[in-house]
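**Student:** Letter by letter, the chains look like this.
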Amino acid sequence: MQKQEIIVKNETGLHARPAAMIVKIASRFQSNIIFAKEDHEANAKSMMGIMALGAAKGERIEIRIEGADEKEAMDAMISLFESNFGE
Amino acid sequence: MYKGIGASPGIAVGKVLLFKKEDIVIESGAVDDVEKEQNRFHGALKKTREQIEEIKRRTLAEQQAILDAHLMILEDPELIGGVEGAIRAEKLNAEAALEKVMNMFIAIFESMENGYMKERAADIRDVGERLLMNLLGKELPNLAKLKEPVIIVAHDLTPSDTAQLDRENVLGFVTDIGGRTSHSAIMARTMEIPAVVGLKDITQHVKNGDILVFDGEEGIVLVNPEDALVREYARKREEQLQAKKELRKLINSSTISTDGRKVELGCNIGNPKDAKKADENGAEGIGLYRTEFLYMDRTSLPTEEEQLEAYKAVLEIMGKRPVIIRTLDIGGDKELPYMNLPKEMNPFLGYRAIRICLDRKEIFKTQLRALLRAGIYGNLKIMYPMISSVEEVRAANKILEEAKQELQHEGKDYASNIAVGIMVEIPAAAVISDMLAREVDFFSIGTNDLIQYTTAVDRMNEKIAHLYNPFHPALLRLIKLVIDNGHKAGIWVGMCGEAAGDKRLIPVFLGMGLDELSMGAGSILPARKQIQSLSYEEMKVVADQVLQMDTAEEIEKFVTKLCK
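As given, the protein sequences belong to chains C and P, one line each in that order.
FYI, the numbering for the first sequence is 1 to 87, going by my numbering.
FYI, the numbering for the second sequence is 1001 to 1564, going by my numbering.
Since the hints were derived computationally from the structure, they do not count as laboratory data.
Fair warning: there could be bad hints in the mix.
In silico lysine-lysine, DSS-like type, Cα no more than 25 angstroms apart, as pairs [as the list claims (entries may be wrong)]:
no.: 1; chain 1: P; residue 1: 1334; chain 2: C; residue 2: 9
no.: 2; chain 1: P; residue 1: 1343; chain 2: C; residue 2: 3
no.: 3; chain 1: P; residue 1: 1262; chain 2: P; residue 2: 1245
Given the sequences, and given the hints that come with them, work out the whole structure.
**Tutor:** This is the structure in structure tokens:
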């Protein structure tokens, strides 16, 4: 299992467009990808799940990935967050 | 009189059509045949998807993004998994399982503090309602075909209701719930129909056929007012429509000052859909086609063929009118995750735009090949962004030549005589614009970056936002320099930054001699009307006066007074 904490840096937080980008990229991997904020968890392949986390700018999220391609999936998730979702 | 929230300006006078949806009662009993319920649920998912896709085909571009989000909800694993789980574990029928999962999501979104997120509950409710009706084999009422002009009175209008609205016959709408940023309010403004929302219980106070009068600016609604008032509002409405009509009349007219100086009004666009809007608003060309959208929201670079299609689509909409396509401008604040560009301390002074293109030639050449090939479908011009030196223009042109030769060898059709220009957005380019003018066919001044680079003000930094100022004398002086140098070399000079659509600066730019102004679609007709009322000779004097002023404040005051 891969685990990594990141901070949401883009201005609008994880609203529809970033959530859609996360789902698009997460869905390319077989691994199970979970975002956890405090005691809430969301499936990163679910747009509603991610948006329901309500993660705003400056908040911490833990990414947990388990599966055959967990390493690649983690790299892809981190570079997506680092890109600020193109904002 | 009822008072709500003015959501979309304009006056409406007309007959009421109450739009009501039936209350659905869900019978929840334990089911034996779990398999059958799962199949019913998946059948409803499929049917709902088809319906939304059909609505999407018939609606405005602005609505399509929302309907795309609805389609994503339908594919959401949490929703599908949740409903399947509830059917399997709790032996619920599909309706009850769906309602349970939807209500859970709606409750989460509604409890959020962020207004935008709260609004998303409406999307989930909209999709859920449609799914439920399909499960029950019922049809949702819609407002797609109305017999006569009416004012819609509803508890709320969902995104799919507004997407289907019969725009010919809807004079306006008023609703019980909603705020200025509700979906229905935003769509009313986009469709330019008057609306008042947040009236609490207006549906309880009117019936079909009542006469309603309302003002979408003030948020005031009158039910069956006396005749004199109806006439008064009808007259006001007529005046507003007249003013709008006057503006619409200018769609096919040229933009010429009172003393015969012609200016071309272009539109800034980001995709082929925007080009339609440009066309509908009387654009004389596309002054800036940002190609970044082709590269964003995806996981790999777009192919030559994909790009060709997007460029061709815009060229075909614009016909003989010029379309200036800016080559890839990423980096700075626009990043592409799949390119793995390193983080930089100063991204705006870093690896971006033409700098990336000259370094990663294969990316640039693919785009240039697509542009050259698209050139045969219309009046295409190529524009390089972020040019700071003559060398860069020559290097870019060299790659353009290589692209031409490749296409020649491959026997592919392409336009060989495409005009090539640069965006002047770095002060260095403005300062040596006399030299650059010998290398290119046109200049387009990009004010957004030119202000930022000239005054060393990061336009994203809120702390110093007040220093980001289009009236700064240094900026206006640079603009004048670029125009004069371009004209001396016999090339035309345009502008595609935000300042180009600013009515306070348009007189100054006209006087300075700009040949083209490119702006958002909504600004084109007002700008045309303005220029048609100005004298070029007089504005020359105004521009000279402005160039003598010492402070941005003085300039802003002067030009603001001038355009009143």
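**Student:** Each of the hints needs a verdict: does it hold here or not?
**Tutor:** Verification of the supplied hints:
1. P:1334 <-> C:9: holds (14 angstroms)
2. P:1343 <-> C:3: holds (22 angstroms)
3. P:1262 <-> P:1245: holds (23 angstroms)
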